[in-house]
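**Student:** For reference, the chains in residue letters:
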Amino acid sequence: MTVPALEVRGLAFTYPDGSPALRGVDLEIARGERVALLGPNGAGKTTLVMHLNGILRPQRGSVVVGGLPVVEANLREVRRRVGIVFQDPDDQLFMPTVREDVAFGPANLGLRGEELEARVRAALRAVGMEEHADRAPHHLSFGQRRRVAVATVLAMEPEILVLDEPSSNLDPAGRRELADILRSLDITILMVTHDLPYALELCPRSVVMNGGIVVADGPTREILSDEALMRANRLELPYGFFPAAVRELDTA
Amino acid sequence: MSGPHAHALYVHGHTPVHRLAPEAKLAAQLLFVLAVVATPREAFWAFGVYALLVAVVVGLARLPIAFVAKRLLFEVPFVLFAVLMPFVSRGERVDVLGVSLSVEGLWGAWNVLAKATLGLAASIVVAATTTMPELLRGLERLRMPRALTSTLSFMIRYADVVAEEMRRMKIARDSRAYDPRWLWQARAVAAAAGALFIRSYERGERVYLAMLSRGYAGSMPRLEEAATPAVVWAAALAVPAAAAAVAATAWVVGR
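Taken in order, these protein sequences are the chains called A and B. Under our numbering, think of the first position of the first sequence as 1, with each following residue one higher. Under our numbering, think of the first position of the second sequence as 1, with each following residue one higher.
Check before you lean on any hint, since a few could be wrong.
[What the hints assert, rightly or not] Reference listing, derived: stretches of chain B covered by chain A, where coverage requires no fewer than 3 residues with Cβ under 8 Å from a Cβ of chain A:
1. 129-141
2. 200-209
[Unchecked claim] Taking beta-carbon pairs under 10 Å as the criterion, some of the chain A residues facing chain B (in silico):
3. 53
4. 75
5. 134
Since the hints were made in silico from the structure, they are not lab data. Each residue gets a CB set at the ideal place from its N, CA and C atoms; glycine is no exception.
Input sequences plus hints: build the corresponding full structure.
**Tutor:** Here's what the structure looks like:
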């Protein structure tokens, strides 16, 4: 068997104020998979994400990224392999221009000159923002900023792309454009979201968290069709949306 | 206020002045101001030459005269006191239209007014032809410490974000019929300022996490770039060089 892209074993974490956030999470994601991470607010999804690139360290259990354990000595390589796109692009885009912002990650990895330029160009092309390289982030629309945020992470050529609420605050067209971009990437994706149709559209597999543990893991369509499971975990489909009736999209 | 890099003082254009390297422009501006300040106030002709120099650069940069004139009004509150000088200074006095004015005060007022106006005009030209990221890059290449340029850069980046947040809070406040008339009713404004501070502080933490996630290890990566060619420096420094020559001549001949 090949090495999984991500391997989380018995991960537990309690915040300093004593509130337990994770109580033994097990999760394995194979290379090239697109997985949705679902669950109500406070389920521990964000805490789990913060463990994937070593922002938070496990108090119990372990996180392994492509065979590399997330420990102090590996942090730099782990942060290259795991690219996190945060929910608010204004938190992620902090440089004066789009180009400099996209260059920030690879420059931290030691890239310079022509090689760095090529990385930046490729990442911006992947999200269709090439012609906006010299603009300031605050002069872009929200959807454009979200796409640049994705590019800043892609420029580091990660192995796993982790997205926190990628469709939040996007207008329907922006949401669609981002979906097209994510589908076009040849990369492992873990997507934290409340947008269940988006999960169904993009991710064949879903993981449901509640109370700091994984309570369900399976094909997205089955999970969204399981009414008892959905109700128990405060998950609700939009009015008139029936996952079983959605035609299988050609996502190949 | 057009174009993708707009800051309030920037005038979009594709002129030789716009294209000059930012560090050369900044250095030229500083040296020009130094030359102006060092000129004896009695040398009227020298100030005429300086004004001409600035006018030539304004012309090269194709800046609208009205724009520059309007921006010059910025100095009014600062030079108001200069207008008072002829009235309140002591010493020898002259009568102008029946009003007794101090000679020393008149000289002082002229000195402040002329030098402030020229200095401000030079700054306006640089600001109007240089985008914010370019200015930052220029300061960096002039060896300003990275800690300072990074701080400036973050400040500029988030000023709009915070202002927008403040605007939303004000709208929310006003929507609930908040209409303070007296100072002691301003409590809600103070509370909002506090909330804004906390929010900005939290945003700072989130930005830092995002930086860590992209491999930030304590210092901003320095991207080496080609050095600015000597020709560019020469072109930019021609202006302060001319000004320095004028200042020197004024000292030797002018008085």
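**Student:** Quick one: which hint numbers does this structure break? Sort them smallest to largest.
**Tutor:** Checked against the structure, no hint fails, so every one of them is satisfied.
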